[in-house]
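Colleague: Listed here are the chains, written in short residue letters.
There are 2 protein chains.
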Amino acid sequence: MPGKASKPSIKNEFAAFKTNRIVEVASHLFYERGYSSCTLDHVAERLGVTKPFLYSYFKNKEAILAAICEVGISESLSVLERTLAGEHADHRALLAEVVRQVGRIVIDRQEYVVVYQREMKHLSAKDHERILRLRHSFDHQIAELIREGVEAGEFREDTDSFVAVWIGGLISWIPTWYSPQGQKSAADVIDQLVDAAMRLAGAE
Amino acid sequence: MPGKASKPSIKNEFAAFKTNRIVEVASHLFYERGYSSCTLDHVAERLGVTKPFLYSYFKNKEAILAAICEVGISESLSVLERTLAGEHADHRALLAEVVRQVGRIVIDRQEYVVVYQREMKHLSAKDHERILRLRHSFDHQIAELIREGVEAGEFREDTDSFVAVWIGGLISWIPTWYSPQGQKSAADVIDQLVDAAMRLAGAE
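Chains as they are written, first to last, in full-length UniProt numbering: chain Y, 1 to 204; chain W, 1 to 204.
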């Protein structure tokens with residue numbers, strides 16, 4: 001998430017809070033009405049602020065879209081890297097834990113992820129490329145984890161590490177069909193996701 | 001695909017051909033520029049026809065969007081029903097064949113499927129509901145196939161038939177990342193998809 005914060009201070013905390021609020025409100029508006037149909041006036045009105053206030057945090061509407069699109073993958077990468085750095089019994093436990101936590105993120109960040117999927121073509125080439133690099137880094141690290149798990153004999157030996165992309169697909173698909181008002185609870189969906197990812201990886 | 005054709009005749013064939021061309025060209029435009037940014041004037045111009053010509057086939061822009069959104073799921077349902085009606089060695093072979101053919105459809109119809117995923121919120125409630133019913137029918141029939149396969153001892157007994165929705169997710173996700181110019185050929189992607197679906201279903 002872009003922000004002007006560098007070292008912790010009350011002022012920086014306020015700035016980060018305001019940036020987050022702008023992103024949150026804009027994400028909800030873009031989710032409801034579509035990016036093309038929303039103006040910065042709508043965003044300012046919903047926040048009860050002026051347009052110049054928005055411009056002091058984001059240079060234009062596209063910059064807000066980029067911040068929204070980055071939330072899901074940034075948080076997923078943080079969780080992945082934190083989990084990889086921690087202690088785990090084996091690669092199976094590691095994969096299950098990462099998938100569980102990232103599943104939680106895409107459910108919590110459902111609107112952000114859907115806005116990304118629907119509106120990514122409105123990103124500047126630079127932002128699009130940057131977010132794609134984050135996604136590739138995620139896929140690459142999951143592929144590496146699977147490759148190591150296959151070598152360790154924990155995953156079926158005929159498992160292609162490209163299955164990381166299919167696991168990413170399972171996760172990314174959740175926000176398009178999951179509904180908090182639906183029959184399945186978030187916990188059920190996440191349990192099923194973990195089971196599905198383990199099957200794809202060939203964890204016997 | 002909506003059309004005015006009921007019984008085969010040269011006239012009805014022409015009508016179906018024109019309807020298909022409108023849907024094809026509009027799908028490409030919506031894919032490139034986004035539905036909200038496109039007008040019927042753009043569609044007419046790209047086709048080299050007048051706007052009244054479009055109105056003789058579709059009542060408005062939303063009706064064209066509905067036709068685009070219906071292509072992928074309609075063709076998938078046809079293939080599913082035709083495959084289920086045919087001869088197969090067992091449920092495993094049946095599932096593999098359906099997934100293979102539907103994978104081919106979403107790759108061939110990539111732009112239509114992406115337009116559906118991005119723009120579905122612009123569908124009328126009636127069209128949205130109708131397309132959702134088609135999707136549910138697809139998922140339901142795959143779930144039934146898996147349930148029967150579990151009973152027949154072909155799929156792992158701890159396989160929840162809801163896995164049909166996850167398999168649908170794998171398939172639906174392909175158009176967002178597959179590129180005909182990418183490293184993987186369509187045939188490779190489809191082979192991997194079939195392998196992934198068999199793993200999810202617990203086909204040992």
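Be a bit skeptical, because a hint or two may be false.
All copies of an identical chain are treated as equivalent in the list; a pair is satisfied when it fits inside any one copy or across any two copies.
To be verified - Calculated pairs, SDA-like style, for lysine to any residue (alpha carbon to alpha carbon, straight line, at most 20 angstroms): (1) K18 with K126; (2) K11 with R92; (3) K59 with S124; (4) K121 with S36; (5) K184 with S78; (6) K11 with K126; (7) K18 with E144; (8) K126 with E81; (9) K51 with Q110; (10) K59 with T39; (11) K184 with D160; (12) K126 with V25; (13) K121 with A186; (14) K121 with G34.
In short, the hints are calculated from the structure, not lab data.
Colleague: Each hint should be assessed against the structure and marked as holding or not.
Modeller: So, going through the hints one by one against the coordinates:
In this assembly of identical chains, the alpha carbons of K18 and K126 never lie at most 20 angstroms apart, being 24 angstroms within a copy and 39 angstroms across copies at closest. Taking the shortest Cα distances, K11 and R92 never come within 20 angstroms of each other, neither inside one copy (43 angstroms) nor across copies (61 angstroms). Only within a single protomer do K59 and S124 lie at most 20 angstroms apart by alpha-carbon distance; the minimum there is 13 angstroms, versus 35 angstroms between protomers. In the homo-oligomer, the alpha carbons of K121 and S36 lie at most 20 angstroms apart both inside one protomer (11 angstroms) and across protomers (13 angstroms), since each shortest distance falls under that limit.
Taking the closest pair of Cα atoms, K184 and S78 never come within 20 angstroms of each other, the shortest separation being 27 angstroms inside a single copy and 29 angstroms across copies. Within a single copy, K11 and K126 get their C-alpha atoms no closer than 29 angstroms, and across copies no closer than 50 angstroms, so neither meets the 20 angstroms cut-off. Taking the closest pair of Cα atoms, K18 and E144 never come within 20 angstroms of each other, the shortest separation being 37 angstroms inside a single copy and 50 angstroms across copies. Neither within a single protomer nor between protomers do K126 and E81 lie at most 20 angstroms apart by alpha-carbon distance, with minima of 24 angstroms and 45 angstroms respectively.
Proximity of K51 to Q110 under the C-alpha cut-off of 20 angstroms is found in neither arrangement, the shortest distances being 27 angstroms within a copy and 39 angstroms between copies. Taking the closest pair of Cα atoms, K59 and T39 come within 20 angstroms of each other only inside a single copy of the chain (14 angstroms); across copies the shortest separation is 29 angstroms, beyond that limit. Taking the closest pair of Cα atoms, K184 and D160 come within 20 angstroms of each other only across two copies (13 angstroms); inside a single copy the shortest separation is 31 angstroms, beyond that limit. Taking CA atoms no more than 20 angstroms apart as the test, K126 paired with V25 passes in neither setting, with 24 angstroms inside one copy and 29 angstroms between copies.
Taking identical chains as interchangeable, the C-alpha atoms of K121 and A186 are never at most 20 angstroms apart, the minima being 29 angstroms within one chain and 23 angstroms between chains. In the homo-oligomer, the alpha carbons of K121 and G34 lie at most 20 angstroms apart both inside one protomer (13 angstroms) and across protomers (8 angstroms), since each shortest distance falls under that limit.
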